[in-house]
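Peer 1: Let the hints inform the model, and build the full structure from the sequences given.
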Amino acid sequence: MASYSTSELRSGNKVMVDGDPCAVLDNEHVKPGKGQAFNRIKLRNLKSGRVWERTFKSGESLEAADVMDTDMEYLYTDGEFYHFMLTDGSFEQHGADENAVGDTVKWLKEQETYVVTLYNGAPLAVTPPNFIELEVTETDPGLKGDTANGGSKPATLSTGAIVRVPLFINIGEVLRIDTRTGEYVSRATGK
Amino acid sequence: MYQSELWQPTATLPTLKKRAEIFHQIRTFFYERDVLEVDTPCLSLGSISDPHIEVLTSQTRTLGQDVTYYLQTSPEYAMKRLLAAGAQSIYQLGKVFRAEEIGRRHGIEFTMLEWYRLDFDHWQLMNEIDDLLTLLTGAEVNSERLSYRRAFVRYLNVDPFTASLECLQQLSFDYTEYGLQETDRDTLLELLFATVIEPNIGTDEPCFIHSYPVTQAALARQQQEPDGHMSAARFELYWQGMELANGYYELTDPDEQAQRMAAEMAERAASGRAYRQKDERLISALEQGLPRCAGVALGVDRLLMLLLNHKHIDQVVPFGGAHA
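Chains R and Z are the protein sequences, given in the same order.
Using the UniProt record's numbering, the letters of the first sequence correspond one by one to residues 1 to 191.
Using the UniProt record's numbering, the letters of the second sequence correspond one by one to residues 1 to 324.
Quick caveat, the hints were computed from the structure, so don't treat them as lab data.
Don't take each hint at face value.
Quick look at which bits of chain Z chain R covers, simulated, 3 or more residues with Cβ under 8 Å [to be verified]:
{"id": "1", "segment": "28 to 38"}
{"id": "2", "segment": "126 to 138"}
{"id": "3", "segment": "187 to 195"}
Away from chain Z, derived, C-beta distances all over 12 Å, residues of chain R [unchecked claim]:
{"id": "4", "residue": "Y4"}
{"id": "5", "residue": "F56"}
{"id": "6", "residue": "H83"}
{"id": "7", "residue": "Q93"}
{"id": "8", "residue": "D103"}
{"id": "9", "residue": "E135"}
{"id": "10", "residue": "V136"}
{"id": "11", "residue": "E138"}
{"id": "12", "residue": "T139"}
{"id": "13", "residue": "P141"}
{"id": "14", "residue": "L175"}
A virtual CB, placed ideally from N, CA and C, is assigned to each residue, including glycine.
Peer 2: Here you go:
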């Protein structure tokens with residue numbers, strides 16, 4: 001198994017810490033005037049999402065985590081697993097469980113492409129694209145003429161997500177949403 | 001690492017002008033105090049025994065022989081050889097080299113100001129450093145003097161000289177999630193110092209930490225504290241999150257120096273670190289007689305960062321990092 005020296009770790013490296021795969025966010029070199037050097041490493045646990053700092057002796061080695069980010073298309077859910085297919089033409093499919101999908105469940109749309117992080121070949125996390133276009137399935141009737149800045153109202157989207165939208169939005173319209181903030185961006189221009 | 005487009009300087013020309021002015025002020029300061037400038041070699045056939053400093057080496061051939069030269073990490077050994085040969089107080093302003101990580105406060109090559117004062121102890125030398133800082137900052141500097149022990153009591157509520165190993169392990173773990181398996185007291189103390197104490201000292205006026213545990217004496221002599229415990233007559237200067245200087249009331253006993261050197265060489269060998277030619281010429285010089293003196297090494301680039309308000313060491317040298 002490959003490994004990294006703690007003094008060489010950089011942002012983006014994936015390593016095993018306490019048996020869990022973690023992504024390195026930052027690595028600060030700590031060198032006392034005389035004496036042992038350390039590396040203070042900021043990590044994100046890829047299983048729990050927890051971000052924390054750990055200190056290691058410089059030069060200590062950490063096992064690399066067998067973690068890979070892949071582009072996959074969402075197919076369907078059977079109630080227990082969410083099924084994805086690699087977009088590289090291999091048609092290889094993977095079933096992700098509720099834990100792996102996490103909050104992304106509210107942005108899951110068939111035929112959309114997601115980043116599925118594989119750990120030892122199994123889905124560990126699913127990351128949505130930054131922007132996604134979804135149809136409004138439920139909201140109060142639009143107010144004619146109110147296209148200027150004004151209030152907002154809740155709207156339920158086809159995936160079940162609820163977002164704040166301007167008052168003029170109607171059921172059946174397709175909206176562009178920023179998945180990182182969960183905020184309405186605009187009406188979709190495409191469809 | 002080489003990139004052909006990185007030809008431009010990393011410091012602005014006004015910064016380089018300021019750098020030159022500060023070099024001039026430093027030289028004037030010592031000239032007026034009758035301290036002689038020396039320039040010992042950057043390349044030496046012998047090297048230091050310090051287990052935690054890595055050294056750059058250079059290979060050449062001369063007279064049909066392969067020769068390894070070590071780039072100096074500090075001019076300390078050479079300057080002490082000059083003192084043992086009869087030199088009066090001396091200073092050196094020049095480049096030193098360390099094979100260590102490059103970062104915001106670390107360059108592989110940096111400028112060091114090192115000086116030795118005959119008949120000074122470390123307290124007198126601290127006063128002189130305040131004088132130099134007063135000159136360079138243009139404002140009265142009165143650095144805080146805080147013992148290593150009081151610093152630990154103040155910020156960690158623990159006595160570093162008497163705390164049990166288990167106590168230090170737990171404290172270290174609480175702050176860094178490292179330490180429960182660590183059996184070396186100094187490693188734990190150094191980690192706690194760097195993590196908890198360093199960010200809190202020297203935030204306004206600079207701060208001298210002094211009277212270190214004897215196990216962290218490096219090249220300082222030992223001294224007895226009023227309460228009877230022994231400490232090392234060593235100090236470090238911290239200012240605004242940076243370690244600026246390290247000084248000693250110098251060890252002059254050749255036997256103790258030889259013992260420390262042997263112990264450090266053994267520690268290096270045990271931890272699998274590269275062999276370096278031991279420099280016994282320092283011990284020979286001490287046998288000849290090193291006069292009573294105190295010495296200090298000060299990182300000039302870091303001081304310039306503070307004086308000129310720069311966040312990265314590359315901003316105060318002509319060509320830093322990948323521009324070198």
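Peer 1: Compute the least Cβ-Cβ separation between H83/R and chain Z, then decide whether it is above 12 Å.
Peer 2: H83/R clear of chain Z: closest Cβ-Cβ about 38 Å, beyond 12 Å.
Peer 1: Over 12 Å from every CB of chain Z: does E135/R meet that, or does the non-interface label fail?
Peer 2: The claim stands: E135/R keeps its Cβ more than 12 Å from every Cβ of chain Z (closest is about 47 Å).
Peer 1: Are all beta-carbon distances from D103/R to chain Z longer than 12 Å?
Peer 2: holds (27 Å)
Peer 1: Is the nearest Cβ of chain Z still more than 12 Å from the Cβ of L175/R?
Peer 2: About 43 Å separates L175/R from the closest Cβ of chain Z, which puts it past 12 Å; holds.
Peer 1: Non-interface claim for Y4/R: all C-beta distances to chain Z beyond 12 Å?
Peer 2: Holds: least Cβ distance 14 Å, greater than 12 Å.
Peer 1: Would Q93/R pass as off the interface with chain Z, using Cβ distances and a cut of 12 Å?
Peer 2: holds (39 Å)
Peer 1: Minimum C-beta separation from T139/R to chain Z exceeding 12 Å: can you confirm that?
Peer 2: Check passes; 48 Å lies beyond 12 Å.
Peer 1: Quick one: see if chain R covers the segment 28 to 38 of chain Z, three-plus residues with Cβ-Cβ under 8 Å.
Peer 2: With 0 residues closer than 8 Å to chain R, the segment 28 to 38 of chain Z misses the three-residue bar; violated.
Peer 1: For V136/R, which was marked as not at the interface, is the minimum beta-carbon distance to chain Z over 12 Å?
Peer 2: holds (47 Å)
Peer 1: Confirm or reject the statement that E138/R sits farther than 12 Å, beta carbon to beta carbon, from all of chain Z.
Peer 2: holds (47 Å)
Peer 1: Do three or more residues from the segment 187 to 195 of chain Z put their C-beta atoms closer than 8 Å to C-beta atoms of chain R?
Peer 2: holds (count 6)
Peer 1: Does the segment 126 to 138 of chain Z contain three or more residues whose Cβ lies closer than 8 Å to a Cβ of chain R?
Peer 2: violated (count 0)
Comparing the model with each earlier hint shows violations of hints 1, 2 and 5; every other hint is respected.
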